[in-house]
Amino acid sequence: MSNLARKKLEQQHTEQEVQQKRQVIIKKSWLTPGEKIIGIAFAGFVCFGAVHIISNQAKIYDVNKDIQIMEAKVSEQQKVNSDLQVQVSELSAYDRIYKKAKEMGLIKNENNVKVVH
Numbered sequence: 027m028s029n030l031a032r033k034k035l036e037q038q039h040t041e042q043e044v045q046q047k048r049q050v051i052i053k054k055s056w057l058t059p060g061e062k063i064i065g066i067a068f069a070g071f072v073c074f075g076a077v078h079i080i081s082n083q084a085k086i087y088d089v090n091k092d093i094q095i096m097e098a099k100v101s102e103q104q105k106v107n108s109d110l111q112v113q114v115s116e117l118s119a120y121d122r123i124y125k126k127a128k129e130m131g132l133i134k135n136e137n138n139v140k141v142v143h
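Residues are numbered in the numbering used here as their position in the sequence shown, beginning at 1, plus a constant of 26.
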């Protein structure tokens, strides 16, 4: 065999080896397209759920803050009401009313008093 024929034969042989290597190099993915879609959908649901939970917690925080503000206002109003109740009891004392009546010129006439049963 001539040198040219031998080179041609070797070249064909190396091309066949390269083609075989190329065929061997083809890798299969470890996830099928269906599994990839399911994985992406699952990740989307997890993200959506996390955002939803955080959103609900923020709303709950706002409502609790409003409740605490209202409770503080109610507490202040109860203090004002109790102070006013004390003032009413002080101002409605019999001695004070009698004293004011005398200052205004009213006199106590026991003959004019009627008792109703």
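If you are wondering where the hints come from, they were derived from the structure by calculation, not from laboratory data. Please note that the accuracy of each hint is not assured.
Cut-off 30 Å, straight-line C-alpha distance, at most; resulting in silico cross-link-like pairs (DSSO-like, lysine-lysine) [stated by the list, open to error]:
#1 K105 <-> K128
#2 K99 <-> K85
#3 K62 <-> K85
Simulated restraints on C-beta separations [to be verified]:
#4 V142 <-> Q94: 51 to 57 Å
#5 Q83 <-> S118: 37 to 43 Å
#6 M96 <-> A67: 53 to 59 Å
#7 S118 <-> D88: 50 to 56 Å
#8 F71 <-> I93: 45 to 51 Å
These figures come from a predicted structure and were not determined experimentally. By construction, the Cβ of each residue, glycine as well, lies at the ideal position given by its N, Cα and C atoms.
Comparing the hints with the structure gives:
{"no.": "1", "hint": "K105 <-> K128", "verdict": "violated (34 Å)"}
{"no.": "2", "hint": "K99 <-> K85", "verdict": "holds (21 Å)"}
{"no.": "3", "hint": "K62 <-> K85", "verdict": "violated (35 Å)"}
{"no.": "4", "hint": "V142 <-> Q94: 51 to 57 Å", "verdict": "holds (52 Å)"}
{"no.": "5", "hint": "Q83 <-> S118: 37 to 43 Å", "verdict": "violated (52 Å)"}
{"no.": "6", "hint": "M96 <-> A67: 53 to 59 Å", "verdict": "violated (43 Å)"}
{"no.": "7", "hint": "S118 <-> D88: 50 to 56 Å", "verdict": "violated (45 Å)"}
{"no.": "8", "hint": "F71 <-> I93: 45 to 51 Å", "verdict": "violated (32 Å)"}
Consistency note: the structure conflicts with the earlier hints numbered 1, 3, 5, 6, 7, 8.
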